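Number of protein chains: 2
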Amino acid sequence: MTPAPFGSPPPDTRLPRYHRVREALSAQIAAHQWQPEEPIPTEAELAQVHGVSIGTVRKAVDSLVAAGVLARFQGRGTFVRRPDFQSSLFRFFRFLDANGAFRRPASRILKREEVAMPGAVAAALKQTPGAPAIRFHRLRLLDERPLLVEDIWLPKDRFKALLKIELSEFGDLLYPFYEQHCGVLVASAQETLTAEAAGARHARLLELEPGAPLIVIERVALGADRQPLEWRQSRGPAGQFRYQVEIR
Amino acid sequence: MTPAPFGSPPPDTRLPRYHRVREALSAQIAAHQWQPEEPIPTEAELAQVHGVSIGTVRKAVDSLVAAGVLARFQGRGTFVRRPDFQSSLFRFFRFLDANGAFRRPASRILKREEVAMPGAVAAALKQTPGAPAIRFHRLRLLDERPLLVEDIWLPKDRFKALLKIELSEFGDLLYPFYEQHCGVLVASAQETLTAEAAGARHARLLELEPGAPLIVIERVALGADRQPLEWRQSRGPAGQFRYQVEIR
DNA sequence: TAGTGGTCTAGACCACTCC
DNA sequence: GAGTGGTCTAGACCACTAA
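Going down the list, the sequences are from chains P and G.
Just so we're aligned, residue 124 is where the first sequence starts under the working numbering, counting upward by one.
Just so we're aligned, residue 124 is where the second sequence starts under the working numbering, counting upward by one.
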């Protein structure tokens, strides 16, 4: 038995080989070793590099595909998946226009401010309470009708470049701005769904009666290293929301 | 090339072999060929029966395990899974007692009646509108405090045995009664989550203010053959509900 | 100890994409 | 046509369960 090699994470003593190959690939993906546009090495190459058979490589890749990290394309190669947030809970709001076609809602930033981070947000972002933060208030609309109110918090140090951008220059999506101006790439997120009665402010913004039921979605966006980057809370009318699952 | 064999479903011309093996296993499971307590044939046997290698059988079984239909146990065998509804949305209601331990809520049947099935329910159960139906009103409680109101609809013909049971004899769970008295086994279900403001009746039953936000979960319970068996709508206070997902 | 699934190999041929 | 992933084989040994 060979002695365990030294390395930063515990060197994985008796795990199955496909498991170790998967860990190695995961680490390389997290280190941005491959761009989403270029294929990762072929299965034959990976088999040779890791000293295992192709079948074992396939099993490792299989599990990363199942986890949504990689995507395979027959004849083209295997690619790091650019997250498209297809499974986001927002998908279950009825983002349809008058003709029934899907539409991305427009965004209107109502306010951008520099404030101290409250305790609950700081806990989610692993910051100290009161740390400098950037906060956005945003409204999302469909055909000029309000659909969602959003409250977005970012740690100021990593995102201060956003303070120099004119509000009118922001597009409908924020994550491309994080990437281009702050070098921060959102890789995944955790969402929590709850519901509440609309307060006066949210009711006014969403053009509802106070007390109307709202769906509340809280999201912590994570980087490839699973460090929390952004915290946001979004509210929309419950009547517009419908979430379906299969259970066993 | 051998001629396509005759059979009830189209005999699957050029599908991968593991796919055909999976279909065959699926059909046998749906036909109750194996009980959940007994293992299905070993991988070696299945390989021989279907004329494929063990690796191909494993791939077929893999996909059924991923779908939650089978469960494998090293050294024991592979079994048809008895559904435990672990993924039900109800799991996200806070079913906790004063000490924070999980508890199954108690059930109190408020009413049982024979009525004609309304159109919406009939559509979900693939019955004709106005067909004879059994309807239960039920309250679920935790520590004597109401947690959920339920409205349950069943087609009368398959479930008439339930009419002979005293209301006091029903336990906390209905599905065992379906199985024992009506020979009907629930294999899976589809759930839809929405929210609404509490009407007067639901508010009173749940001891809330009228207009308080409610989470509404609609469930269609399906048999092993995916025929709809039961339709139910459950309502609970939104503040007690919290649903979490990981998105990519 | 016998039998099960879990892991792994070292190939093969096929279907597809791209040049 | 060259190169990719998709499917498939016919074995092997290991880890675990149950008797």
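Honestly, the hints are just simulated from the structure, not real lab data.
None of these values were measured; they are calculated from a predicted model.
Treat the hints with care, as some may be off.
The list treats identical chains as one, so a pair stands whether inside a single copy or across any two.
Straight-line Cα separation of at most 25 Å, SDA-like style, residue types lysine to any residue; simulated pairs [what the hints assert, rightly or not]:
(1) K249 - R371
(2) K279 - R365
(3) K234 - Q303
(4) K234 - R204
(5) K182 - Q197
(6) K182 - F213
(7) K249 - H304
(8) K283 - G174
(9) K287 - A167
(10) K287 - R371
(11) K234 - E166
(12) K249 - E330
(13) K182 - R227
(14) K283 - E330
(15) K249 - Q367
Against the structure, the hints come out as follows:
Taking the shortest Cα distances, K249 and R371 sit within 25 Å of each other only across copies (21 Å), while inside one copy they are farther apart (36 Å). For the homomeric pair K279 and R365, neither the shortest alpha-carbon distance inside one copy (35 Å) nor that between copies (29 Å) is at most 25 Å. In the homo-oligomer, the alpha carbons of K234 and Q303 lie at most 25 Å apart inside one protomer (21 Å), although the nearest pairing across protomers, at 61 Å, exceeds that limit. In this assembly of identical chains, K234 and R204 lie within 25 Å of each other by CA distance neither inside one copy nor across copies; the values are 33 Å within and 53 Å between.
For the homomeric pair K182 and Q197, the shortest alpha-carbon distances inside one copy (16 Å) and between copies (18 Å) are both at most 25 Å. Taking the shortest alpha-carbon separations for K182 and F213, neither the intra-copy value of 32 Å nor the inter-copy value of 34 Å comes in at or below 25 Å. Proximity of K249 and H304 under a CA criterion of 25 Å is satisfied intra-copy only: 22 Å inside one chain copy versus 54 Å between copies. When the C-alpha separation of K283 and G174 is checked against a cutoff of 25 Å, the pair qualifies neither within a copy, at 46 Å, nor between copies, at 64 Å.
When the C-alpha separation of K287 and A167 is checked against a cutoff of 25 Å, the pair qualifies neither within a copy, at 48 Å, nor between copies, at 66 Å. For a Cα distance limit of 25 Å, the shortest separation of K287 from R371 qualifies neither inside one copy, at 51 Å, nor across copies, at 29 Å. For the identical chains of this complex, K234 and E166 are neighbours neither inside a copy (50 Å) nor across copies (62 Å), given an alpha-carbon limit of 25 Å. Taking the shortest Cα distances, K249 and E330 never come within 25 Å of each other, neither inside one copy (35 Å) nor across copies (38 Å).
Taking CA atoms no more than 25 Å apart as the test, K182 paired with R227 passes in neither setting, with 37 Å inside one copy and 39 Å between copies. Taking the shortest alpha-carbon separations for K283 and E330, neither the intra-copy value of 33 Å nor the inter-copy value of 48 Å comes in at or below 25 Å. With identical chains, the CA atoms of K249 and Q367 are at most 25 Å apart between copies only, with a shortest distance of 19 Å across copies and 32 Å within one.
When the structure is compared with the earlier hints, violations turn up for hints 2, 4, 6, 8, 9, 10, 11, 12, 13, 14 and for no others.
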